[in-house]
Amino acid sequence: MRMPEPDAATVARKDEIVRSLEGLFAPGEKAAIISDAVQLRAFECDGLSAYRTRPLCVVLPETTEQVARVLRHCHENKIKVVARGSGTSLSGGALPLADAVVVGLSKFNRMLEIDYANRVVVAQSGVTNLSISEAVAAEGFYYAPDPSSQIACSIGGNVAENSGGVHCLKYGLTTNNILGVEMVLIDGEIVHLGGRHLDAGGYDLLGLVTGSEGLLGIVTEVTVRILRRPEVAEAALIGFPSAESAGACVAAIIGAGIIPAGMEMMDRPAIHATEAFVHAGYPMDAEALLIVELDGPAVEVAYLRERVTEIAKSVGANSIQTSANEDERLRFWAGRKAAFPAVGRLAPDYFCMDGTIPRAKLPLVLTRMSEMSERYGLGVANVFHAGDGNLHPLIMYDVNKPGDLEKAEEFGAEILRLCVEVGGVLTGEHGVGVEKRDLMGEMFSETDLDQQQRVKCAFDPDSLLNPGKVFPTLHRCIEQGRTHVHHGELPFAHLPRL
Amino acid sequence: MTQTFVSQTVVPRIFVPAGEAEIVEAVRRAIADRQPLAICGAGSKDGWGRPVEADRLSLASLSGIETYEPEELVLSARAGTTMSELEQRLAQHGQHFAFEPPDLGPLFGLPAGQGTLGGAVGCNLAGPRRIAGGAARDHVLGFSGVNGLGESFKAGGRVVKNVTGFDLAKLLAGSFGTLAILSQITLKVLPAPEDSCSILVFAEDAAGAIDIMGAALRSPHEISGAAYLPARVVRRLGVDAVTQAARGVVVLRIEGAAPSVAARTSGLRDLLKTRADKSAGEIADVAAVESCRIWREIRDVARLIGDGVRTIWHISVPPAAGARIAAAIADADDDLYFDWGGGRIWLASASEPAVAAARIRAAVAAHGGHATLIRARDEARRTVAVFQPPSRAEAVLIGRLKDNFDPHRILNPGRMYAGL
Chain L
10 MRMPEPDAAT
20 VARKDEIVRS
30 LEGLFAPGEK
40 AAIISDAVQL
50 RAFECDGLSA
60 YRTRPLCVVL
70 PETTEQVARV
80 LRHCHENKIK
90 VVARGSGTSL
100 SGGALPLADA
110 VVVGLSKFNR
120 MLEIDYANRV
130 VVAQSGVTNL
140 SISEAVAAEG
150 FYYAPDPSSQ
160 IACSIGGNVA
170 ENSGGVHCLK
180 YGLTTNNILG
190 VEMVLIDGEI
200 VHLGGRHLDA
210 GGYDLLGLVT
220 GSEGLLGIVT
230 EVTVRILRRP
240 EVAEAALIGF
250 PSAESAGACV
260 AAIIGAGIIP
270 AGMEMMDRPA
280 IHATEAFVHA
290 GYPMDAEALL
300 IVELDGPAVE
310 VAYLRERVTE
320 IAKSVGANSI
330 QTSANEDERL
340 RFWAGRKAAF
350 PAVGRLAPDY
360 FCMDGTIPRA
370 KLPLVLTRMS
380 EMSERYGLGV
390 ANVFHAGDGN
400 LHPLIMYDVN
410 KPGDLEKAEE
420 FGAEILRLCV
430 EVGGVLTGEH
440 GVGVEKRDLM
450 GEMFSETDLD
460 QQQRVKCAFD
470 PDSLLNPGKV
480 FPTLHRCIEQ
490 GRTHVHHGEL
500 PFAHLPRL
Chain D
-12 MTQTFVSQTV
-2 VPRIFVPAGE
8 AEIVEAVRRA
18 IADRQPLAIC
28 GAGSKDGWGR
38 PVEADRLSLA
48 SLSGIETYEP
58 EELVLSARAG
68 TTMSELEQRL
78 AQHGQHFAFE
88 PPDLGPLFGL
98 PAGQGTLGGA
108 VGCNLAGPRR
118 IAGGAARDHV
128 LGFSGVNGLG
138 ESFKAGGRVV
148 KNVTGFDLAK
158 LLAGSFGTLA
168 ILSQITLKVL
178 PAPEDSCSIL
188 VFAEDAAGAI
198 DIMGAALRSP
208 HEISGAAYLP
218 ARVVRRLGVD
228 AVTQAARGVV
238 VLRIEGAAPS
248 VAARTSGLRD
258 LLKTRADKSA
268 GEIADVAAVE
278 SCRIWREIRD
288 VARLIGDGVR
298 TIWHISVPPA
308 AGARIAAAIA
318 DADDDLYFDW
328 GGGRIWLASA
338 SEPAVAAARI
348 RAAVAAHGGH
358 ATLIRARDEA
368 RRTVAVFQPP
378 SRAEAVLIGR
388 LKDNFDPHRI
398 LNPGRMYAGL
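Going down the list, the sequences are from chains L and D. Here our numbering is used: the first residue of the first sequence is 10, the next is one more, and so on. Here our numbering is used: the first residue of the second sequence is -12, the next is one more, and so on.
It cannot be assumed that every hint is accurate.
[Claimed, not checked] Just so you have them, the derived chain D footprint on chain L, three or more residues with Cβ under 8 Å: (1) 32 to 41; (2) 237 to 248; (3) 412 to 425.
[To be verified] Distance condition first, Cα-Cα at most 25 Å in a straight line; then the derived DMTMM-like pairs of lysine to aspartate or glutamate: (4) D:K175 - L:E430; (5) L:K179 - D:E181; (6) L:K39 - L:E74.
Since the hints were made in silico from the structure, they are not lab data. Ideal Cβ positions, reconstructed from N, Cα and C, are used throughout, including at glycine.
Model the full structure from these sequences, guided by the hints.
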């Protein structure tokens, strides 16, 4: 994986750049600037720790206006910027660049307003995903998207990555659960997109910005919808003699018109790794395990449980175990949620992949993956958001073994190519970042990618925000047209108006 | 290229491409001739947006379902396929579009059932179920189309969970054909609810009605529709029990598996009974068939407030501010009703559109929200901003996006904003 060559002149000017950034803040202002080599080590990588770079420096502003000042300064001086929330990205979205300033949002940690009348929470972008749900739990509400990093990941990072989680099958991704953002553009302009209302009309800039991986601006405030917590939630562990029968069960449940709150699958290696780690009570004789969560009114959950059980039996399930209480439900999930660290115990290092496939292709993809595993000589365990076809193969390797990292990278790339080949996509929820950047050509033609890069040009014509991420080639923004005078009308010449 | 009509001097030409290659050809020719194109499907919503005087490019011939896999919850169709054809096909498998797309044809004085998939996505349609199931934007998984440079491109995919690259589907949904011509669209589809029931509750005024709707929406009963029809509007609904009462009525919908609908309806009824506000007397439960009819009228607008020549506004606001905004914008000769728990106001305004626009947008500015002019005579749509005027920073982004997708101003120029 190659990053763009750092600009030597910028790196050489480091001290001057740090001083000029310090000059942006009055003595009483609390924004921190970190430039010491030792302290910068904490920012060298995000959740994709295989790749590390020490940034030029880190700025930790604490107001939107300060973010605007920093970005305006960087824009005027053509200094690159990498935004960072909690740094939990699994695709290198917050990987620093040697010639870029990292703008960390960790001080944006305040919950600004809880508005039950409109069923929204307004939070600063550094607030963690889980703390939003916790803040409204007493009133019986929660924020639906629940990525597994939810205790640490920030809501601003969720917007950047359009994060999902195990419940997005029924409740949608970040993009379906936010109403507005405050965002700073690279030229320091502060823009408010959306609000506390639905579907603003006009171009859906909010939808465009969600999932843009820090390439279009820096989000400082997010307005999210909160939902009433379902009366009952229960999980069932269903063991199967083969991945095929588990896949058939998923298809049959959805075919029957049932959308569970979550539907997760684990293969044998993942079942064994997690059971050894957390003792969740998983069936050790199963080749594949489904966790099916149902939520809603008690009577609905009971009704659907019966139907799911019937379906599971009809496709040959070996075992069915339904959670009897909340403790047991959480224990069932504890295994799944600890799958990554559990696999981490089996090998010194692992890569977590994130392709999505049409559900029906699951058995084929699993078979092909175990062939690859043998060929590369690297183990693989699979956890899978089965309901929406999102695979997380965990490739095990040892970074200290020469050649292992490269083999793991190539193995991962081959899995993702396979996902695209069967009609799926490179990334379901972790983002492209640097990790899948060079594979974008597998899914998109050059014209497709150009069209996306034109969006980048509209927001950041000098390509200063998070360069080297998402797109395999840097794109030069050509003046496509210009905001020309058409029939004597300047666009928006009549602004301001009501 | 099929050319069903050759230009005289006044009448614009109409191009009816049969495939994406012909769209490319039409756009390239338009660039060469410096002749912009008015992009349309069936034309059922032509009256929405600023008038575009240009040759027409109709996608009506580009129709048909390409793939439909009920078990994958995915459907791909060409942009000119009618929504009614798609909905019929989905219904055969017990599925539907959860965003409950309105049929706005009759609001514009046109027949029902004409609207196309491209139109539904291009206008980002959303019905009453928006509060629970999202808008068209939330269901587009991918598309292919042609930009204003005459280049074919695609974005997204055909799986539900996908964050590969920018979410251009969101940008294109609701862009009214001003950024690209959609030729093929892949959507997420969902199982249609097994059962549906509505509860009707009298409410004397909008503030009380929004309180009732808010309480219902904050309850665990998963409300999928919450509307308030004031007395003047409710009589057009044609439901006997309500018409005779001649009072405003809140309609709350519950959908899902049959036993769940029964339990939640009963739970909601209990909740409403225990509310301090005793003026909120319950009328009745309305079973599935009648419930469907009521929600269709709320969804499609035409029957409730669409008669005559009044201008129609769509106003999206924070729901709790709905009553205050409504009080600030409506005149004696106006009619309005609320959907989305108070967050959506449909207004039929008898005032001069420019005067109404100033009043509505001032009210919206005070509380947050957006007002869109849905139906008005051509002259008004030329002079009054149809879409909420963007902030200065947003305007710059919108202008640059248009520059980057359609630098020659070929695609629906001026349909959304003057000069773009």
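Results for each hint:
{"no.": "1", "hint": "32 to 41", "in the structure": "violated (count 0)"}
{"no.": "2", "hint": "237 to 248", "in the structure": "holds (count 4)"}
{"no.": "3", "hint": "412 to 425", "in the structure": "violated (count 0)"}
{"no.": "4", "hint": "D:K175 - L:E430", "in the structure": "holds, 20 Å"}
{"no.": "5", "hint": "L:K179 - D:E181", "in the structure": "holds, 16 Å"}
{"no.": "6", "hint": "L:K39 - L:E74", "in the structure": "holds, 13 Å"}
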